[in-house]
Amino acid sequence: MRLMASKHLPLVPSAQPAKRLGFLTDATLCIGCKACEVACKQWNQLPMDGLELTANSYDNTGDLGATTWRHVAFVERFEDGKPAFEQPPFQSGWLMLSDVCKHCVRAGCMEACPTGAIVRTEFDTVVIQQDVCNGCGYCVPACPFGVPDLSMFDGKAHKCTLCYDRLTDGLEPACAKSCPTDSIQFGEVPRLIERARDRVTDLKRLGVDGARIYGDDQLGGTGGIGGLNAFFILTDEPEVYNLPARPKLPQDETLPGLLSTLGAALLLGVGLAFSFRKR
Amino acid sequence: MRHVPEPEGRRGRRRPPTYYGVPPIHKPHWKWLIISYFFLGGLSGGSYVVATAAELFGTREDHDTARIGRYLALLSILPCPILLILDLGRPERFLNMLRVLKLRSPMSLGTWGLLTYSGFATLSTAAQAASDGWRVGSSGILRSVPRRFVGALGAPFAMFIGGYTGVLLGATAVPIWARNARLLGPLFLSSALAVACAAISLILALLPGQRHDALERLRRADTMASMAELCCVVAVHLNSGPLGKPLAEGHLGRLHLAGSVGVGIVLPLVLHALGQMLRLPHRLVVILASLASIVGGFIMKYAVVMAGHVSADDPAATFEYAGGRQTLAVGDDPTPAGNGRGGRR
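Protein chains in written order, with our numbering: chain A, 414 to 692; chain B, 11 to 355.
A hint or two may mislead.
Cut-off 30 Å, straight-line C-alpha distance, at most; resulting in silico cross-link-like pairs (DSBU-like, lysine-lysine) [said to hold, decoys possible]:
1) A:Lys432 with B:Lys112
2) B:Lys41 with B:Lys112
3) B:Lys112 with A:Lys661
4) A:Lys661 with B:Lys37
5) B:Lys255 with A:Lys661
6) A:Lys495 with A:Lys590
7) A:Lys432 with A:Lys661
8) A:Lys617 with A:Lys590
9) B:Lys112 with B:Lys37
10) B:Lys37 with B:Lys255
11) B:Lys41 with B:Lys255
12) A:Lys432 with A:Lys590
13) A:Lys617 with A:Lys661
14) B:Lys41 with A:Lys661
No wet-lab data here; the hints were simulated from the structure.
Looking at chain A on its own, in the form it has when it is part of the complex (with noise of 0.2 Å):
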């Protein structure tokens, strides 16, 4: 029982040194222009979400889900009265993400999967094998991010692949590729976190005081999760954004979880042999 991706790349990790591949979402870049949304679904055949509004400023997704990889996120926001417009002109009232499966370098969700069919594939990313998948839901409640989704229409769970079958084929993810400003950056992760404090070194000079990275593990916003592969520049609290400020790997209560009940087994089965004992 061999998995093969392609003849070019097996799934099962070669000798080869693997490359680390993620993301780097810049929030001070996003126009909110949603080429992401719009590029992931159309690459990745993904059917409309309905055509509902949130009533949540532009944001008619909502939130990730099994038909939605990439979430723009519009924080809009009235500070003291004051519409957007008549506060400071750069990352005050009015803020833009795209949102993303975070690709976790400890991944709740895999951790969960009771079948294997989530995996980590030869570019340090996470992806849920669709022939495996039996829709069982449990990475659904796993991700500390609430990325993964079972879908109503085939009953499976789904989430961003960091565009697998592209990065195959040398190809960068539909969405980095759509982002008119660079917001969206792709490239060897370790690359990435450079560009990043780079560039939050830089948002500082210009006198963003709140702008930070979250997801690199050296500087938090990554709890127990052990870094993120797609990651984030932010000007505010995670919270604003919809992000946990410190994500926890969920499965670092297993252990802890079954020690704990088997204590309780054996004090209620000292319990029982006594309360069956003659007396």
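Chain A is fixed; fit chain B onto it per the hints.
This is chain B only, laid out in the frame that chain A set:
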């Protein structure tokens, strides 16, 4: 997409930022099928353990307890795989669960645990049936099965089936479950044993014949397990802090208090005490108390699962659970970063 109003800020505290109240994590789809599995799996595992304890430590009078426990263990585990398979998005692929064993995934552990336990439950029950004079396949071989030994081997797996479901809930990003990851296993296990004692008592009381001593020992075991369950419920409440809201307030909180604690734990004790005081028929008291304990056990599992849904839908709960130290920017002092309201001069 539904518009959720932003939560009201508390006095003296800055309103916590949320993104239009959109939940930052996804809740599981688990509903009645899974709640029923949690209940039936617990009942089965608990019955197996009680039957084994009665066999190993009980007297001649506990033979019926062990016998009913064995049959109940098999009968209540039979629907479980069906419930679990029906809950899959692609039921025809259920065998994919057996491709791998992942020690850090409670669901993978549960799959293999359930498989192993089902084997033990089947063997123990078949041996019991053979010794009871039923004509099962090869009764001769089955009669020679060392039942106490098999029971002792299977009991740890039965305990696992009773408790792992709590660990499974705990190993998620759902705030109220994750915060109580170390308590839900013991809670589900003690509830499973209490429900099993109650179910066996109920059947014993409904059968003809006097079994006062056996029922009394089952009552002792039930009370012990119920007290353990009560301790876990209180511990969950104390441990949850603000995350415990779904189990403490509102419709679900009232159901949990009245159902899991009131009907499941307190009412059986009250019924037994009243029965002794007023000299009510023992059989009637046992039947009523057992029913209360069983209903309470089901409500507890319902309340805990549904509380997870409420908790996952509450952005404030996720940000509280996965909050703490703010993210730092390059060059920041690694002490808690200011008020985080950057971006303006």
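Structure-based check of all given hints:
About 26 Å separates the Cα atoms of A:Lys432 and B:Lys112, which keeps this hinted pair within 30 Å; it holds. For the suggested pair B:Lys41 and B:Lys112, the alpha carbons sit about 25 Å apart, so the restraint of at most 30 Å is met. Restraint check for B:Lys112 and A:Lys661: satisfied, since their Cα atoms lie roughly 19 Å apart, inside the 30 Å limit. Between A:Lys661 and B:Lys37, the direct Cα distance comes to roughly 16 Å. Compliance with the 30 Å bound is thereby established for this hinted pair.
For the suggested pair B:Lys255 and A:Lys661, the alpha carbons sit about 21 Å apart, so the restraint of at most 30 Å is met. The suggested pairing of A:Lys495 with A:Lys590 is violated, with an alpha-carbon distance near 36 Å, which exceeds 30 Å. Taken as a hint, the A:Lys432 and A:Lys661 pair is honoured in the structure, with Cα atoms around 25 Å apart against an allowance of 30 Å. Distance restraint check for A:Lys617 and A:Lys590: the Cα-Cα separation of roughly 28 Å lies within the 30 Å cut-off, and the hinted pair is therefore satisfied.
This hinted pair checks out: B:Lys112 and B:Lys37 have alpha carbons roughly 22 Å apart, not beyond 30 Å. Taken as a hint, the B:Lys37 and B:Lys255 pair is honoured in the structure, with Cα atoms around 17 Å apart against an allowance of 30 Å. For a cut-off of 30 Å, the pair hint linking B:Lys41 to B:Lys255 stands: about 20 Å separates their Cα positions. Distance hint between A:Lys432 and A:Lys590 is fulfilled; the C-alpha atoms sit about 19 Å from each other, no more than 30 Å.
The hinted pair formed by A:Lys617 and A:Lys661 meets the criterion: a straight-line CA distance of about 28 Å does not exceed 30 Å. For the suggested pair B:Lys41 and A:Lys661, the alpha carbons sit about 25 Å apart, so the restraint of at most 30 Å is met.
Comparing the model with each numbered hint stated earlier shows that hint 6 is the single one that does not hold.
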